[in-house]
Structures are given as structure tokens and as C-alpha cells.
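A.B. asks: Protein sequences appear in the order of chains A and B. Its first residue numbered 6, the first sequence is counted upward by one per residue in our numbering. Its first residue numbered 4, the second sequence is counted upward by one per residue in our numbering.
One thing to keep in mind: the hints can contain errors.
List time: in silico DSBU-like cross-link candidates among lysine-lysine, alpha-carbon distance up to 30 Å [what the hints assert, rightly or not]:
1. B:Lys334 - A:Lys69
2. A:Lys139 - B:Lys334
3. A:Lys51 - A:Lys24
4. A:Lys139 - B:Lys47
5. B:Lys334 - A:Lys24
6. A:Lys135 - B:Lys326
7. B:Lys34 - A:Lys139
8. A:Lys51 - B:Lys334
9. B:Lys47 - A:Lys135
10. B:Lys97 - B:Lys134
11. B:Lys326 - A:Lys51
No lab work stands behind these hints: they were computed from the structure.
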Amino acid sequence: MIRFDNLSKRYPGGFEALKNVNFEMDAGEMAFLTGHSGAGKSTLLKMLMLMERPTSGNLLINGKNLNRLSNSQIPMYRRQVGVVFQNHQLLLDRTVFDNVALPLQVSGYPASEIGRRVRAALDGVGLLDKEQQKPVALSGGEQQRVGIARAVVHKPRILLADEPTGNLDPELSSEIMALFRRFQNVGVTVLIATHDINLINRMQLRIMHLEDGELTDDGAGYGR
Amino acid sequence: MAANDRNSRDGAQRGASGKKIRFADRWHGYKSHHRDTIRISLRKLLSEPLQTLMTVAVIAIALAMPSALYLTVENVEQLGNNFESSAQITVFVKKGAKPQAIDSLRAELDGMSGIDSLSYISAKQALLEFKALSGFGSALRDLEDNPLPAVFLVQPAVSEPIDMGQIKRLMTKIASFAIVDDVQIDMAWLQRLHSLTEMGQKVVLALGAALGLGVLLVIGNTIRLSIQSRRDEIIVIKLVGGTNAYVRRPFLYTGMMLGVFGALAAAIMIYSSLLWMSSSVANLAELYQSQYRLQGLGFIGFFGLIGLGGAMGLGGAWIAVSKHLRDIEPK
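So that you can see chain A by itself, here it is in the shape it has in the complex:
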């Protein structure tokens, strides 16, 4: 599903964020991406979101080389990916419902379909009763769950999460991980960037470790 092929990213100014990264993830696989801050976790996720382009090497999604996608094809690609951000990136002037509906709206879904899917996604994260609230009225954990609902409402094939449990207590963290497990069980490829050691230790999952832009351990075969 995901294949990094000798991928490097060098920023203008010479900083090398990723160095010859190679790894593969199958469809329906779930893995952690670890490493201390600045090791390149965010850059790797940005590559998968096409927010950055590699300096060299290839990134293949389902056999398709992302280098070959033109800028105008990026939106179509992003509709196959769901992202959970650490700072949740919710629009504060819109209701929970409208926030979650956004990925469907940009894809041109009819209103009835949007209503059905948004409610299903909110039900999945246990926030169905909060759909008309503004994000500021919610707790940190609830905001994060709204972010997750938005990331999965359009049924992406790949789910990326950047420190999804960053500010949450252990109980909420496990709840959120359980959610991710559910998506994995229906065939979604899930990649979670985190340095939450407790979380990693609690789950039997493949762990990829980045150090100064190099993938020192791709954890392949572990926890499958």
C-alpha cells in the first residue's frame, strides 16, 4: 500500500530531514512511527500528504508513484488519505458537524449522503450528541475525536496520525488507539507518529524508528 523507495528530503539551506528511507506497509497494516522531535517524523507524514515533495527517491501508494502526480492531481490523492493532527486543525467558527462534513463537501457529496456519513462518523467516536456545538465548547479529548471523525468520514484507505494522543491522559489515549484499531480491522492502513512511550509499550504493533532522518529500524514483521 505504502512504499518508500530510497526517499530523501533535503530542505533549502541544506538540512536533510529524511535520508534514503526505505520501507513498505501493506493494506490494513498498522504501525507506529517513533523518534525524538526533529528526527523526521513530521516530514515523513508530509510526504504522504503531498505537502512536501521528495528531493530524491520515490514514494509509491498502491503502486502509483506520487512523483508523477501533478499539482492539480493532489486534491484527488488527498481524498484517499485521512489525517489526524496533533493540534486537531478544526475550524473554530464552524460546528462539529460542519467540520466533519468538510472532506465530503469538497468531494461534492450530496447533502443527504453527507448527513448520513457525518453522523455515522460522529457516532463512531461517541460524539453524536455534540454535532451542533462549536469545537471550543469541547474538551481536548473531544476535539481530538472530532479530528478523527473528520479524518475517517470519507473512508480513506490510509489514515495518518501525528501525535494523536499528545495532550491526552492515558485513558483517553487508549480509547483513541482502540478507534484506530477498528479502522485497521476494516482494511485501512494506519500510520501513527508518536513519542508516547507508554502508548507504544502497551500496544503490540510494528514500530518504525527514525533517527536524524534515517530509518534505523523498520520493524517489519513485528506485531502483524
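Got chain A sorted already, so can you dock chain B onto it with the hints?
C.D. replies: Structure of chain B alone, referenced to chain A:
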């Protein structure tokens, strides 16, 4: 969650992300998206009434000024046309001409082709009229002689457009009579009026172009500020797969609305000043026994102005959007 699971599994099995939507649904979604965009853009404009009002006022003034000047030129031109069809030749009879000679001139003129109507004002009549109308009555009383000649007022038979050559030939023919002192036609000022209105039209174009540029800049700047204040929203939309067209759309609608509102306000300004002036113009026209009335924008002019405003709003927004949206990419 059950429904979601099932759907997700469907998506995985298809090898697609559930983005396959029937065309009819997509079209329907597209239409309702446009409707929503218009509604949201309108609500955003109304949520900042002062800002919107000021922008609309600037646009309205910039559109109203060249439009008003255009109407002025049109009206003056029409006024000129009115006078043109009543171009009159004044034939001055030599002083001291014998009444028989004047009678025979009248007979000659009567028989001449190219003359529509003819009227005679004797020297005595002319003096009486002058006394009555000029206000110099008491000064004239001191004169021993009547200084005024007898005149024939000749109304040439003219066709539209006016053929100055034909009128000139008629004038030469009349001037050739021995008894005729001078033949005059007051056309020079009409020609001057013509060149003035021509110049006026050019001024309208130049002013229109300059103020049109101003409208583009004002709308462009408003949209630029609006883009900056919605930066986060744009980034999130791009991250969830919104196309550039999707991101662009609300700003284009906002620009177009500002342009249309500005044009509407400009039309209101023009109509109210016409209303304000029309009674004095009617009074003036009455003094000249004229049916002349001020011309307004008319149906085509009104919708032309609205269309122009909308197009300029769209254009200004397009410039701002194409310049600034590219800079906003998720980082």
C-alpha cells in the same frame, strides 16, 4: 459505527476510497455547493456591515461618476440633435428696401425648392420684439432711426442626418438676390457642440477606465484581506482534498456580490440625482417651448451597469485570488 464499518470495508474491497459518486449526485452536490457558497458569502458580507458598506460605497462612487458623465454627454448630444432639426436661416434685408422689392423676394423665396417654411419680420416688428424682450426699451426710445433690418426666417427642409452642403447651397442662392444684405445660419455652435460631445465621450472612456481600475483594486484588496483572515480554513480545506477551484469559489462570489451591490448603489445615486434635476430641467425646457426631458439610464443601461459591476467584481476577485491563494499551502 456498524454502518461505518460496513462502508469502510466496501471501500477497501473496491480498492477505492469511496469517492466514486454517481454523476447525477455529483451534479446535485455541485449545485447545492454553489447555493451554499452564495449563501455563506452573503452572510459573511453582512456580518461585517460597516466594512461592506464602505467598500460598496467606494465602488458605487467609482461607477456612478463615469456613468453620470456619460449620461450628461448623451443628454447634451440629444439637445444638439433637437436644435439641429430646427436650424434656421436668417435673411437680412438691406435697409431701406422698398416694400415691393421685399414682396417680390418673398415670392421668390416661396417658390424656391428646399424650403420648408418662411416667416417675415418687418423692421418695425423686430424693434417691438427687441424692446419687449431685451430690456433696453428705454435706451431704444432715444434712437431716431430704427437700427434693425427686416428679416426673413427661412426654415430649410432638412433630412436626417443634416446635409450641410445642401443648406450652404440654399444660403448662397438666397444671398445672390440684390436686396439681401446678409444670410446667416447659426450652425457654428452646433458644430462646436458636436466636437464637445465627442470630447466628452473620450473623457467618459478615460475616466471610466481609470475608475474601473480603481474598482478592480478596491475589490482585489478587500478579497486579499478576506483571504488572509481565512487562511486557516483554506489550509484545512486543501488538506482534506479541496481543489483550488473549491477554495477560490467563495471569494469569487464575494467579489461579484460587491461589484453588483456597488453597481446597484451607483444606479440609485444616478436615479436620485436625475429625479432631483428633472423638475428644473422641465422648467427650463418650458421656457424654450421644448418638450426636452432628461434621459435616464434606461433598461439596457441599468442592466449594463449591473453586469459591468458584477464582471469587475469577479475580475478583481480573480486577480486577488490567483495572486494570493497560491501562497497558502499547508506546511
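A.B. asks: Hint by hint, note whether the structure agrees.
C.D. replies: Evaluation of the provided hints:
Among the hinted pairs, Lys334 (chain B) with Lys69 (chain A) is consistent with the structure: their alpha-carbon atoms are about 23 Å apart, no more than 30 Å. As the CA atoms of Lys139 (chain A) and Lys334 (chain B) are separated by approximately 25 Å, the hinted pair is consistent with the 30 Å bound. For the suggested pair Lys51 (chain A) and Lys24 (chain A), the alpha carbons sit about 15 Å apart, so the restraint of at most 30 Å is met. Our distance criterion of 30 Å between C-alpha atoms is met by Lys139 (chain A) and Lys47 (chain B), whose separation comes to about 18 Å.
As the CA atoms of Lys334 (chain B) and Lys24 (chain A) are separated by approximately 20 Å, the hinted pair is consistent with the 30 Å bound. Simply put, Lys135 (chain A) and Lys326 (chain B) have alpha-carbon atoms about 39 Å apart, too far for the 30 Å limit, and the pair is violated. Taking the CA atoms of Lys34 (chain B) and Lys139 (chain A), the gap is about 27 Å. The hint holds against a cut of 30 Å. Taking the CA atoms of Lys51 (chain A) and Lys334 (chain B), the gap is near 8 Å; set against the 30 Å cutoff, the hint holds.
Only pairs whose Cα atoms come within 30 Å are accepted, and Lys47 (chain B) paired with Lys135 (chain A) is accepted, the gap being roughly 25 Å. Proximity of Lys97 (chain B) to Lys134 (chain B) is assessed by CA-CA distance (about 21 Å); at most 30 Å being required, the pair is judged to hold. At most 30 Å may separate the alpha-carbon atoms for a hinted pair to count; Lys326 (chain B) and Lys51 (chain A) meet this at roughly 25 Å.
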